[in-house]
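Novice: Residue strings, one per chain:
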Amino acid sequence: MTAPSGTVHPPRGGHVFPFSAIVGQDRMKLALVLNAIDPGIGGVLIRGEKGTAKSTAVRGLARVLPEIPTHVDCPFVCDPERPEEWCPQCRKGFTSPAVCHRPLHVVTLPLNATEDRVIGGLDFSGSLRRGKPVFQPGLLARAHRGILFIDEVNLLDDHLVDVILDAAASGENVVQREGTAFRHKTRFALVGTMNPEEGALRPQLLDRFGLCVEVLSETDPSCRVELMERRESFERDPTEFLRRFSGEEAQLAARIAGARRLLPHVRTGQHIRSFIGELATSHHVAGHRSDLVMERASRAHAAWEGRDRTEMDDVLAVAEMALTHRRRDAVPRPAHSPASSREAQESSFPENRAASEEPPDHREVSQERSSPSEALQGPEPHPDETFQQQAQEQVFGTGEAFPVKRIAPPLDRLVRRGSGRRTRTRTHHKHGRYIRFRSARTCRDPALDAMLRAAAPFQIRRRGESPMAVVIHPEDWREKVREKRIGSLILFLVDASGSMGVRGRMSASKGAVMSLLLDAYQKRDRVAMVTFRRREASVLLPPTPSIEIAGRLLDEMPVGGRTPLSSGLAAGYELLRQQMRKDPHLRPLAVLVTDGKCNVAMGEGNPMDETLKVAGSIGRDRRVRWIVVDTEEPGIVQFQLARTLASALGGLYFRIDSLRAADLVNIVKGHSP
Amino acid sequence: MKTRPHYPFVAIVGQEDMKTGLILAIINPTLSGVLIRGEKGTAKSTAVRGLAEILPSIEVVRDCPFQLAPHEPGSPCDGCARKACIGGNESKKSPETVFRKVAVVELPVGATEDRVVGTLDLEKALKEGEKHFEPGLLACAHRGILYVDEVNLLDDHVVDILLDSAAMGVNTVEREGVSFTHPARFVLVGTMNPEEGELRPQLLDRFGLCVTVNGSRDPHERVEVMERRIAFDENPSQFLEKWADPSLRLAEEIRRAIALYMSVSVPRERLFDIAARCLEAGVDGHRGDIIMLKAAKTLAAFRGRMEVSCEDVEEAARFVLPHRLRRQPLQDVIQDMRGFKEGK
Chain W
1068 MTAPSGTVHP PRGGHVFPFS AIVGQDRMKL ALVLNAIDPG IGGVLIRGEK
1118 GTAKSTAVRG LARVLPEIPT HVDCPFVCDP ERPEEWCPQC RKGFTSPAVC
1168 HRPLHVVTLP LNATEDRVIG GLDFSGSLRR GKPVFQPGLL ARAHRGILFI
1218 DEVNLLDDHL VDVILDAAAS GENVVQREGT AFRHKTRFAL VGTMNPEEGA
1268 LRPQLLDRFG LCVEVLSETD PSCRVELMER RESFERDPTE FLRRFSGEEA
1318 QLAARIAGAR RLLPHVRTGQ HIRSFIGELA TSHHVAGHRS DLVMERASRA
1368 HAAWEGRDRT EMDDVLAVAE MALTHRRRDA VPRPAHSPAS SREAQESSFP
1418 ENRAASEEPP DHREVSQERS SPSEALQGPE PHPDETFQQQ AQEQVFGTGE
1468 AFPVKRIAPP LDRLVRRGSG RRTRTRTHHK HGRYIRFRSA RTCRDPALDA
1518 MLRAAAPFQI RRRGESPMAV VIHPEDWREK VREKRIGSLI LFLVDASGSM
1568 GVRGRMSASK GAVMSLLLDA YQKRDRVAMV TFRRREASVL LPPTPSIEIA
1618 GRLLDEMPVG GRTPLSSGLA AGYELLRQQM RKDPHLRPLA VLVTDGKCNV
1668 AMGEGNPMDE TLKVAGSIGR DRRVRWIVVD TEEPGIVQFQ LARTLASALG
1718 GLYFRIDSLR AADLVNIVKG HSP
Chain D
176 MKTRPHYPFV AIVGQEDMKT GLILAIINPT LSGVLIRGEK GTAKSTAVRG
226 LAEILPSIEV VRDCPFQLAP HEPGSPCDGC ARKACIGGNE SKKSPETVFR
276 KVAVVELPVG ATEDRVVGTL DLEKALKEGE KHFEPGLLAC AHRGILYVDE
326 VNLLDDHVVD ILLDSAAMGV NTVEREGVSF THPARFVLVG TMNPEEGELR
376 PQLLDRFGLC VTVNGSRDPH ERVEVMERRI AFDENPSQFL EKWADPSLRL
426 AEEIRRAIAL YMSVSVPRER LFDIAARCLE AGVDGHRGDI IMLKAAKTLA
476 AFRGRMEVSC EDVEEAARFV LPHRLRRQPL QDVIQDMRGF KEGK
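So the sequences go chain by chain: W and D. For the record, in the first sequence the residue sitting at position 160 is 1227 according to my numbering, with numbers rising by one throughout. For the record, in the second sequence the residue sitting at position 313 is 488 according to my numbering, with numbers rising by one throughout.
None of these hints come from the bench; they were simulated from the model. One or more of the hints may lead you astray.
Taking lysine-lysine and the DSS-like style, the derived pairs with C-alpha atoms no more than 30 Å apart in a straight line are [to be verified]:
1. W:K1159 <-> W:K1199
2. D:K194 <-> D:K276
3. D:K302 <-> W:K1199
4. W:K1199 <-> D:K299
5. D:K276 <-> D:K215
6. D:K215 <-> D:K194
Interface residues of chain W toward chain D, partial, derived using beta-carbon atoms under 10 Å [stated by the list, open to error]:
7. A1120
8. T1175
9. L1176
10. P1177
11. D1183
12. F1191
13. L1195
14. D1218
15. L1222
16. E1285
17. R1303
18. L1330
19. P1331
20. V1333
21. A1514
We put the beta carbon where it would ideally sit given N, CA and C, even for glycine.
Modelling step: build the complete structure from the supplied sequences, incorporating the hints.
Specialist: In structure tokens, the structure reads:
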């Protein structure tokens, strides 16, 4: 278990598709190369649809990285030229340790990683042998001076993300756990890939990535054919293919190495600096990181072009990569509506247009171009545009279109503030993934690895207490802390009475529900649906994780008849109560879509009075959070019944028109606690 | 060890798409697996087991926990707890090997992450005070078939890990104090019933091929299914004997196709066909193109042809495109390409 090279990509013996053989994707390649020249840029986030050579590029990059000097066998990759940062082992000798050269590492963080392997911890076997705590370096140590690669970074556990962010920010990994106190330098470029369809990334993490590029698939058939041919011949005979590209690979590696040597001599003029500052302010970015990143990236770009002076072109080549994910207003947006953020980009990049003097339809041509400075202004038509149009046709064919993606994030913020998108499960459930441990009095879900590490240093003293090699005392007990993405339960209580059918109100409601469903999909929520019409309420869909079925049922939902609102409320609440009995920790959300005009009672009394009474008693159960979406037509006479209902339920109230308005963000901010 | 005989693959009535899909994935493991969508009781697992039964045996190092072939590159022997064999180490004499059938490793729905990827070997740690890696299901499935029933009900992160290994051919473990890498190349076969919830598009895309199975609507076929099953249950050995010839023939065809695959050529026009189809269907990314090319080549090899034809591309599209059509999370998976085209 000693060889740390095991996790360094590429895996031993495997063949890796060469970086220079990747067809197209110039901006992504440029961003990666810039980080290879200067890891201080702070990494790159590669966003794009599946199957666009995101991971392939990063893995290929490892092969063209230059060698760096370090000490022989130093697990912390100490820099011989910085004695003040050396690890204890390197400092120990009277003479300087032997220096060797080895390629810059690309360390992959697998999705199954646990905390102790990321930051490092006690070395169990070593501690046993020596009878004192021995520190075992983790992935952060291995990534020092190199690249830390996280595939699907948006799926990574929040806690691990925090740990990595912390280390990346301070450039140092401080370990205070398991009786070891240790600190070591860790400066690395964070390279992450993500598919925005699968959920957004927290803004802090987004900002941590120096650059950000969007990748799209090629739309030109001959490019696609070229790509297939290369892949095909690679798989047919990898060795031969690598030989074919060895020239280009060597050239690329040499150019990177040359640029690295040149980098310290590159100067940035004052006018360039002020230009960078202006660019940053005119794009309303938060903080100063973008300026610093842009400055470093343009220097790296100048070095890449073989110049010792940064020019306007360098800045323009990197500006979009540094700004696109930092624009203040764009923070919650990129993952949800890249289409509209792209428009914003285009309109706010007059400099590029002017500089390039391209006709506005330059997008089609830009793909064939390889010059990085031109690649900047070539964002191809974004897939999500068509994507969105398709969705609108698909889902709301009968009614009017509804800006789904735009609406999802603010609603999301409103809805989840209490629950979070994942909940820590109790240890006795033993579900979910083991991410870290804590000391424990009882041992219901033992974290044996942590227990062994805790006991290891004392084994010499405890020897002979038992025939086992390791003696564990109760004070060594540790239990697992597990996390599981358990989304919450969302109940949709939809009024399907005749009054909802008029003037396309139903299709608008369906749109609202559908946008919430999409959000539920990203958060892995379960959904249930109850409708009420004619004389009674019916459970259309019992709680299920299958959002698809909910969507289909919603589409086919019949409308007509009178409005038994009170029985709808009762049926919905009954369903939630059953679920809460099964899982006492569940905090469900109920979305009531209605115009509030009820005209059927369960008992003898006035339907409206009865409804309010039912709502009042349901509202006393604070475990359920209610949202009432009012579908009443705006007009001179408004009954505002739904608003009364919302206050009886103790829930939030929205008009369907306000849901549709683009400035929902502000409305929600005003309402939410 | 004598186990219950498996129902022969060739005796399965109908379900041609599923059978072809499985055979393609076996011939060419780089197609990264088959997803079989369909209701219960449509001979999904019977087919997988039956197919494994007739595959050529593989040579493995005796008792190797990683199912390694002798002198396999990238072998994890350094960190392996078993010191008895020294597989992969050229300086010593060759390790002892055995021939055995291709394994079908089943992943239960309740499988936890540590059992899938492997974890710290507790016994070794407690008894000897040494840290060793205990291989998980991915190690068992190396060079075999990993069969995941109800893949849509599996925890998302377990599926992520599975597909990651399937794509990379290696399993990288960084957990519980162990850091380990070992080869994990397997044919991934997943089944799901769409009524119980869909897979995320991201995961769907990672499955190379996708077939939809339905119970037969033809009464004669249904009777045939019953008759064969009864005949098998009553006298398995006699039934196997009856089907021995077709089984042998299929095994031979598969062996030939594996040998032929490398030399199948693709005319440039066919590549353009593929690109055009993928563009027309609007698939995300380029994985669709690459898989379609491979599937077409594999089909040609299976049919004993040296060059990919139009029909091969046509047929490959049926397996490759349905689950890749650009779709939002909520859209349905298109079951039939013909229907898709008419709809356009």
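Novice: Grab the minimum C-beta distance from L1176 of chain W to chain D and call the hint holds if it beats 10 Å, violated otherwise.
Specialist: Holds, because the Cβ-Cβ distance from L1176 of chain W to chain D comes to roughly 7 Å (cut-off 10 Å).
Novice: Mind checking the alpha carbons of K215 of chain D and K194 of chain D for me, to see if they're no more than 30 Å apart?
Specialist: holds, 16 Å
Novice: For the pair supplied as a hint, K1159 of chain W and K1199 of chain W, is the alpha-carbon distance within the 30 Å limit?
Specialist: Judged against 30 Å, a Cα distance of about 18 Å means the pair holds.
Novice: Holds or violated: the hint that R1303 of chain W contacts chain D, with Cβ atoms closer than 10 Å.
Specialist: holds, 6 Å
Novice: Keeping to a limit of 30 Å between CA atoms, is the pair of K194 of chain D and K276 of chain D held or broken?
Specialist: Answer holds: K194 of chain D to K276 of chain D is near 20 Å, not above 30 Å.
Novice: Are A1514 of chain W and chain D close enough, Cβ to Cβ, to be under 10 Å, as the hint says?
Specialist: Hint holds; A1514 of chain W Cβ to chain D Cβ min 8 Å, cut 10 Å.
Novice: With a cut-off of 10 Å on the beta carbons, see whether F1191 of chain W makes it to chain D.
Specialist: holds, 5 Å
Novice: Per the CB criterion, is A1120 of chain W less than 10 Å away from chain D?
Specialist: holds, 7 Å
Novice: Sort out whether K299 of chain D lies within 30 Å of K1199 of chain W, counting only the CA atoms.
Specialist: With a Cα-Cα distance of about 20 Å, the restraint between K1199 of chain W and K299 of chain D holds, given a limit of 30 Å.
Novice: Does the nearest C-beta of chain D fall within a distance shorter than 10 Å of the C-beta of V1333 of chain W?
Specialist: violated, 36 Å
Novice: Once the shortest beta carbon distance from L1330 of chain W to chain D is found, is it less than 10 Å?
Specialist: violated, 32 Å
Novice: Under the criterion of a CB-CB separation shorter than 10 Å, is D1183 of chain W in contact with chain D as hinted?
Specialist: holds, 6 Å
The structure shown violates the earlier hints numbered 18, 19, 20.
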